[in-house]
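Undergrad: Protein chains in written order, with our numbering: chain A, 1 to 210; chain B, 1001 to 1485.
Rather than coming from a laboratory, the hints here were simulated on the basis of the structure.
Virtual Cβ for every residue (Gly too), placed ideally from N, Cα, C.
There could be a bad hint or two in this list.
Stated by the list, open to error - Take a look, some chain B residues computed to stay more than 12 Å from chain A by CB distance: (1) A1132; (2) K1188; (3) A1234.
As the list claims (entries may be wrong) - Taking lysine-lysine pairs in the DSS-like style, the calculated list, with each CA pair at most 27 Å apart, reads: (4) B:K1021 x B:K1102; (5) B:K1097 x B:K1297; (6) B:K1188 x B:K1208; (7) A:K20 x A:K204; (8) B:K1439 x A:K204; (9) B:K1150 x A:K195; (10) B:K1355 x B:K1208; (11) A:K195 x A:K20; (12) B:K1297 x B:K1355; (13) B:K1150 x B:K1451; (14) B:K1102 x B:K1451; (15) B:K1439 x B:K1188; (16) B:K1297 x A:K204; (17) B:K1097 x A:K195; (18) A:K195 x B:K1102; (19) B:K1097 x B:K1021; (20) B:K1355 x A:K195; (21) B:K1150 x B:K1102.
What follows is each chain in one-letter form.
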Amino acid sequence: MRELILFGIIAATYLMVIAKRVPALIRSFRYQSFFLFLITLAAAIEEGHADLYWVALLILILKVLFVPYAMYRIARRINVDENLGLLVNSQLSLLIALALTYCSRIFSRTLGFHQDFRAVAITVAFAVVFIGAFLMVSRMKAFTQVTGLLVMENGIFLFGSFLSGGMPFLVEIAISLDVLISVIIMGLFVYRINKVFTHIDVNKLSRLRG
Amino acid sequence: MGIVVILGIPVALAAAALLIKRQRVFGMLNCAGYLAVLCASILLLRQTVLSGNVALLGNFIYLDVLSAFFILVISVVAFSVALYSVGYIRHDIAEGKLSESKARVYYALFNLFCCSMFVVPAVNNLGILWVAIEMTTLVSAFLVGFYNSKESVEAAWKYIIICSVGIIFALLGTILFAYAFSLSAGVKSLNWSAITAGAARMDATILKVAFIFVLVGYGTKAGLAPMHTWLPDAHSQAIAPISALLSGVLLKTAIYAILRFGMILIKGAGFAYFSHLMLLLGVLSLAISCGFVLVQKDLKRLLAYSSIEHVGIIAIGFGVGSPLAIAGAALHILNHAAVKSMMFFGAGSIVSVYKRHSMNTIRGVISVLPFTGIMVLLGCFALTGFPPFSLFVSEIMIIIAAFTSGSYLLAGALLAGLSIIFGAFIFHFGKMLFGNLPKGMARRAEPLSAKIAFLFLFVPVCALGPVMFFIKKDVVWIARMLFQH
Chain A
1 MRELILFGII
11 AATYLMVIAK
21 RVPALIRSFR
31 YQSFFLFLIT
41 LAAAIEEGHA
51 DLYWVALLIL
61 ILKVLFVPYA
71 MYRIARRINV
81 DENLGLLVNS
91 QLSLLIALAL
101 TYCSRIFSRT
111 LGFHQDFRAV
121 AITVAFAVVF
131 IGAFLMVSRM
141 KAFTQVTGLL
151 VMENGIFLFG
161 SFLSGGMPFL
171 VEIAISLDVL
181 ISVIIMGLFV
191 YRINKVFTHI
201 DVNKLSRLRG
Chain B
1001 MGIVVILGIP
1011 VALAAAALLI
1021 KRQRVFGMLN
1031 CAGYLAVLCA
1041 SILLLRQTVL
1051 SGNVALLGNF
1061 IYLDVLSAFF
1071 ILVISVVAFS
1081 VALYSVGYIR
1091 HDIAEGKLSE
1101 SKARVYYALF
1111 NLFCCSMFVV
1121 PAVNNLGILW
1131 VAIEMTTLVS
1141 AFLVGFYNSK
1151 ESVEAAWKYI
1161 IICSVGIIFA
1171 LLGTILFAYA
1181 FSLSAGVKSL
1191 NWSAITAGAA
1201 RMDATILKVA
1211 FIFVLVGYGT
1221 KAGLAPMHTW
1231 LPDAHSQAIA
1241 PISALLSGVL
1251 LKTAIYAILR
1261 FGMILIKGAG
1271 FAYFSHLMLL
1281 LGVLSLAISC
1291 GFVLVQKDLK
1301 RLLAYSSIEH
1311 VGIIAIGFGV
1321 GSPLAIAGAA
1331 LHILNHAAVK
1341 SMMFFGAGSI
1351 VSVYKRHSMN
1361 TIRGVISVLP
1371 FTGIMVLLGC
1381 FALTGFPPFS
1391 LFVSEIMIII
1401 AAFTSGSYLL
1411 AGALLAGLSI
1421 IFGAFIFHFG
1431 KMLFGNLPKG
1441 MARRAEPLSA
1451 KIAFLFLFVP
1461 VCALGPVMFF
1471 IKKDVVWIAR
1481 MLFQH
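Model the full assembly from the supplied sequences, consistent with the hints where possible.
TA: Below, the structure written as structure tokens:
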């Protein structure tokens, strides 16, 4: 069952890689966060920690409900065209994503995970982090960079919860709040870029050189 | 007890900034608050040196000499920035660049920024340390984009994105460190005091992989090449007092984080690995900044690249790793913070009078702003490591340590880099300070608060040499106090 949820996470990540428009990207991010919520819930049921239920609830509220909603809102308010501006087309992006997944497998093996369930989980977590980073560098809109960052953060979360059995509750809360604040602040800056430059193409931000 | 004052005052001042309407009153209050913080941090350092580590709130806050030293560096710069802000913000309001209400927002953000920096060395938990460093980015991004011009918004965006990505890798590294610790000790903890104590039994392979992530992550924030690309933009576009904070201490808090993880790595996996990585990034930073300093046209970018150079020197110092080099690098952190703040204050005053950043059009500063001009001239010599000043002492300590440890190539590279930058700085600043006065420029009044800020910073810039005679301990003692191994 848990393997299936992990499969869902990686599938949602691939969906983001091939997305060409803003709504598709946000929708896939919501799927990914939802699977993350499911896997935390599964872990909570299995281990019976009250803390884990709270963490799962936090993910549901923040990453499944609030963040995608806020992103939709920003996308509608700035009202620019919905194309993501792919620097690498979606077929090639998918191939790169597959290659990154393979690298993650090698990585998790060097860390000493060979066969069990955790090996799959760590591989998926690394893959999500790397693909998030790839999304950030290969898409032109400021908007996508924020999404890429959130994807990376999801990957880190997965990594943390399967590597050392979750971080202390306090740290988990602090990191989640941090994510929330950073999304709000980046949203504000996307607004500002749009207002000052009348576009959000990051590759056209080139006034500062040398 | 001191640490409560240090963390509490900025929070209280941030709230007060939004409530108190009169700029003048609040400016004074701000300076008084940071003077108190400065005194508290001196007492804190004294306490940690004399009677050992300080723990509070069930080990949540845990300070050794290294933490107290970084808190002292932050409070020195924060106090001088509070002083300098008074005159600078008043001038900006008079010119119509800022509104009264925006000035209040500035003070609130400045205090939050300082508070998040004070949290970094104070906490024991490496996860909270990560959160604090990320908070410094988020708060200061507003201060970088404060004027809302095209350039400043672009700089703020680059800053927030590059540093956030970098720091995510640092979180990955932190989790790996915690994992290695839980494998060897059987208990879970993120406290550096616990992890450092159990470091010797940890798996060396995992530590090495984890440290790479940490170094890339916090190295981005520290401005080590090749992850430095955000730094010149952010430093040149931020408001002048904030440039001083960014360059003087924000970079150093990231170095603090690297050192904490480095100490665990050294205990668990040996010194050679840590040393090679630090030397590699240090030399790279020095080389890249040399090139950009030579061809630079923008005054504040010139200073920003010089920050990359000095972070590189500090990394080299810790990479060499003998007691002499470590003491040199630690002192260099304080010296660079003081001198670089002074230079950014000078640059801020010059830019606000001449209304441009380009060094080709700024001439005759010494006759327009005599006091600032003289301070910038002295600061320029101090920054490039000229003999009577403190930076000369700390740089020569690192170079001697490199020679005595047998790495002649490294010492040669360091000397070559320093002399290139010395030449470039004297060339650029000579023209700006003494050239013919442009038409329509006359002598300007300089605010008293800025003068006090300059003089205050000038004390640590000069003091290190004489102080060395009065401290009856040698450098080995300093190094051992800072790093208990």
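Undergrad: All hints, please: hold or fail.
TA: Results of checking the hints against the structure:
no. : hint              : in the structure
1   : A1132             : 9 Å, violated
2   : K1188             : 6 Å, violated
3   : A1234             : 9 Å, violated
4   : B:K1021 x B:K1102 : 11 Å, holds
5   : B:K1097 x B:K1297 : 24 Å, holds
6   : B:K1188 x B:K1208 : 20 Å, holds
7   : A:K20 x A:K204    : 19 Å, holds
8   : B:K1439 x A:K204  : 37 Å, violated
9   : B:K1150 x A:K195  : 10 Å, holds
10  : B:K1355 x B:K1208 : 49 Å, violated
11  : A:K195 x A:K20    : 24 Å, holds
12  : B:K1297 x B:K1355 : 15 Å, holds
13  : B:K1150 x B:K1451 : 32 Å, violated
14  : B:K1102 x B:K1451 : 25 Å, holds
15  : B:K1439 x B:K1188 : 68 Å, violated
16  : B:K1297 x A:K204  : 22 Å, holds
17  : B:K1097 x A:K195  : 19 Å, holds
18  : A:K195 x B:K1102  : 19 Å, holds
19  : B:K1097 x B:K1021 : 18 Å, holds
20  : B:K1355 x A:K195  : 24 Å, holds
21  : B:K1150 x B:K1102 : 18 Å, holds
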